Amino acid sequence: MDILKAEIARKRKVIEENNLVDDSKKFFKRSDLAQKEQEEYFRRCGYKIDKKEENEPSTSANPVLGMEPSEEKLPMTLSRQEVIRRLRERGEPVRLFAESDYDAFQRLRKIEILTPEVNKGLRNDLKAAMDKIDQQYLNEIVGGTEPGEVDTQHDLKVHEENTTIEELEALGITLGTGDDVGDQEVIDRFLKFLLGVWAKDLNSREDHVKRSVQGKLASATHSQTESYLKPLFRKLRKKSLPADIKESITDIIKFMLEREYVKANDAYLQMAIGNAPWPIGVTMVGIHARTGREKIFSKHVAHVLNDETQRKYIQGLKRLMTICQKHFTTVPSKCAERAGERAEEKYRALALDTALSTLVAVAVYVLVKVSLDGVRQWRARISVLVVGSGPVGLTAALVAVRSGKVLKLTVLDERHRSALLCRPQQIALDARSVEFLLGLGVDFDNMEGCWHNEHFFTRIGVFQEHLLSILEQKKREVDVTVQLGTKFTEDYLRRIPQNDWPSVIVVADGSCGDSCSVLGISSDYTVESCHAYGANATIERLDQRQVPTSEIRAHSLYFDLSAYGVEALREHRSPTTKPGFHLKIYGTLRNRYMALVCPTSDTKMVRFLRHTANSSIMKNIFHQSFNAYKTDIEPRLSDVTHHHMQCSRRLFEIQLSHRRISAAYIEGDNVAVTVEGEAARVLNFDTGCGVNLGMRGLESMGSFIYRTATAVDQNDILEALSAKMQHSRHVAEIFKQTGLAESMYD
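Quick note, the sequence shown lines up with residues 1 to 746 if you use the UniProt record's numbering.
In short, the hints are calculated from the structure, not lab data.
If you're wondering where the values come from, they're calculated on a predicted model, not measured in any experiment.
Don't take each hint at face value.
Computed list of lysine-lysine pairs in DSSO-like fashion (alpha-carbon distance at most 27 Å, straight line) [unchecked claim]:
1. K210 - K36
2. K210 - K157
3. K210 - K200
4. K263 - K239
5. K157 - K200
6. K200 - K326
7. K216 - K318
8. K36 - K11
9. K246 - K235
Full structure from sequences and hints, please.
Structure representation (C-alpha cells):
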C-alpha cells in the first residue's frame with residue numbers, strides 16, 4: 001500500500017513540474033505528457049527544434065527526420081541533379097513543401113545514414129569515394145596552394161601501428177593455437193599494418209599520377225576498402241567475431257605471414273564459397289525433392305551471399321591479400337597471382353596452339369578440297385547430243401568438242417548427207433561471227449566463198465561440209481558420231497541405253513522442227529516488232545552458176561506508183577515524209593534473193609503497199625530494182641523471167657519471235673536441254689544474215705557445257721541453265737534494237 005502511495009505521489013509531482021494542471025485545469029492529456037517527456041529527452045541529447053515546427057505536428061513517420069543537430073551546418077557536396085537521382089532511387093519525394101535545395105540534401109544524408117541497405121545495392125561506394133576525392137581536388141583548385149609548397153592534404157590516412165613485418169611474423173606463430181583473443185588482436189594489427197603499407201605506397205606517388213584517373217581510382221579503392229573493413233575491425237576490437245569467420249580469417253592471416261599465398265588463397269575461397277554444391281543459393285533444382293536438397297539451404301551457402309556487410313569485408317580482405325603479396329614477395333610457386341599468370345600463359349599458349357592447329361587444318365582442308373575439285377573438274381566429262389546438222393547445229397557440235405569436257409558427241413539429223421550438202425542458199429557471216437568461228441578452228445582460206453566489207457559469203461552446203469570435216473578430224477580426241485537420216489523421236493530416246501543417256505541436248509533443228517515437243521518443252525513464243533515493214537523476193541536462173549557473190553545494198557529508194565493511182569511523188573520528195581526504202585540483193589548467181597525494207601511509216605505509199613495484196617505490184621518493184629542495182633556480170637531480168645519470180649504479195653510487219661523457255665532441265669533423266677538457232681529465235685523476214693543471229697546464241701555454249709560438266713549438284717546445273725536463258729533473251733533484245741540496222745540500213 002505504501003508503494004502505491006509513493007507511485008501516486010511521484011506521478012503527481014511530475015505533472016506539477018510539467019505544468020500540465022493548474023487551478024483552472026483539473027485534467028490533462030496523455031499526449032501532452034508524452035510531448036513534455038520527448039522535449040526533455042531532446043534537450044538532454046543536444047537536439048533543438050525549429051521555432052517554426054514547435055507548434056506544427058510532424059508529418060514524417062520518423063521523428064528523427066524532423067530534427068537536425070545543434071552543431072554547425074555541413075556544406076552541400078552534391079549537385080541538385082545527384083540529390084534528385086538518389087532520392088528517386090530510394091522512392092523518396094524529390095522536394096517536400098517549402099523545402100530548399102540544402103534541406104533536401106540534408107534529408108538525403110539522414111536517409112542514407114539511417115536506412116539500412118538490406119542488399120538492395122542502393123549505394124555505389126566506389127563512386128562515392130571517387131566523388132569525395134574529386135571534391136577534394138576541386139576545393140584545392142578553388143583555394144589554391146603556394147608555389148613550391150608540397151601538397152599533402154589529399155594523402156591517405158596512414159595507420160601508425162609502430163609494428164614491423166618481422167614482429168607480426170613472430171606473432172603469427174601463435175595463430176590458431178587456441179587463444180581466440182590473441183588471434184583477433186594479431187589479425188587486427190596485421191590488417192591495419194597492410195592498410196598503412198598500402199596508404200604509404202599510394203602517398204609516395206607523383207602528384208600528376210595522383211591526379212590521373214587511374215591514380216584517383218586507386219585512392220578511391222583504398223578508401224572503399226578501409227570503409228569495408230570497419231565492421232571487421234569493430235568486431236575484432238570487441239572480440240565478437242563469429243567463430244566460423246574467425247577460423248577462416250586466422251588461417252588466411254597465418255598463411256599470409258608465412259608467405260604461403262597459394263594456401264591463403266585456397267583458405268579465402270573456402271571461406272567465401274565453401275563446399276556447398278549450389279553456392280548461389282538455389283533452393284529447388286527440380287519439381288521433386290532430392291536427397292541432396294538439404295545441402296543447399298542457408299547454412300551451406302557461401303557467407304558472401306548471406307550478409308552484405310560480410311561480403312564487403314571479405315572483398316576488402318582479398319584486396320589486402322594482393323597488397324601483401326605485392327610488397328612481401330616470395331618464391332613464384334607460392335604466389336597465387338603468379339600461379340594464375342602461369343596458368344593464364346599456359347592457357348594462352350594452348351589457345352594459340354589450338355588456333356594455329358585449326359588454321360593449319362582449315363588450310364589443309366581448303367587446299368585438299370580445291371585440289372580435289374580441280375582434279376574432278378579436270379576429269380569431268382559428259383555426253384552431248386546435238387539435234388540438227390545445219391550451220392548452227394554443226395557449230396554447236398564444234399563448240400562442244402572445243403570445250404574439252406565432252407566424252408561422247410552425237411549429231412542427229414533426219415536429212416541425208418546429199419540433201420544437206422546440196423542446199424543452194426548462200427549465207428553471209430559478219431565480222432563477229434567470223435572471229436567466233438576462227439576461234440573454233442574454221443579455216444576460211446580453204447573454203448569456197450568471197451570476202452566483202454569484212455563479211456564472208458559462201459553456200460550453206462560448203463559451210464556444212466567444212467564443219468563436218470573438222471568433226472571427222474576430232475574423232476581421234478572425242479567419240480564423235482554423226483547420224484544423218486535419223487529422226488529424233490520418242491522411240492529414238494527409248495532405244496538409248498540408260499548408261500549412254502546424254503547429259504546435254506542441244507536442239508538446233510530449225511523453226512519447223514518438233515524436237516522440243518518430243519522433250520516436252522513449251523512452244524510458247526514471244527513476238528516483238530522490229531518497227532519496220534519488209535518484203536522478200538527470189539528468182540532462180542538455171543543458166544547461171546552457183547557462185548557465191550557479195551551482197552548489194554541500196555538506200556533511200558523511191559518508187560513511182562502513179563500507174564496504180566498513187567500520186568505520192570511530191571510527198572516522197574519531202575524530207576519529213578519520205579519512207580526511205582532499203583534494198584539488198586544477195587545469194588549466188590543462180591539463186592538470187594532480194595529484201596526490201598523501210599522503217600515504220602504512215603505515208604500513202606507505205607499504206608498502199610501494206611494493204612494492197614497484189615503480187616504484180618511487188619514484182620514490178622523488185623524487177624525494176626534488180627535491173628537498176630545488179631552487178632555488171634549478170635544479165636538483166638526479162639519479161640520471161642519476170643513470171644518465174646516469187647515475192648511477197650505486200651509489205652508486212654517485220655517481227656522477231658523467240659521462245660519463252662530456251663533452256664530446260666529433265667529432272668528424272670538428269671538432262672539439261674538448250675534450244676539454239678531458229679528453233680529458239682526466228683525472224684519472219686530474210687535478210688541473208690540470219691545465221692549470225694544463231695551464232696550469237698552459241699557464244700555462251702562453251703561456258704554452259706563446262707558448268708554442266710563440272711556441276712556438283714542439281715543447283716549448279718540450274719544456275720548454268722538460268723545463265724543460258726538470260727543470254728538468249730539478251731541476244732533477242734540486242735537484235736531487236738540493232739539487227740536490221742546492221743544487216744539492212746547501214
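Here's how the hints hold up against the structure:
no.: 1; hint: K210 - K36; result: 54 Å, violated
no.: 2; hint: K210 - K157; result: 15 Å, holds
no.: 3; hint: K210 - K200; result: 13 Å, holds
no.: 4; hint: K263 - K239; result: 26 Å, holds
no.: 5; hint: K157 - K200; result: 9 Å, holds
no.: 6; hint: K200 - K326; result: 14 Å, holds
no.: 7; hint: K216 - K318; result: 20 Å, holds
no.: 8; hint: K36 - K11; result: 14 Å, holds
no.: 9; hint: K246 - K235; result: 10 Å, holds
Consistency note: the structure conflicts with earlier hint 1 alone.
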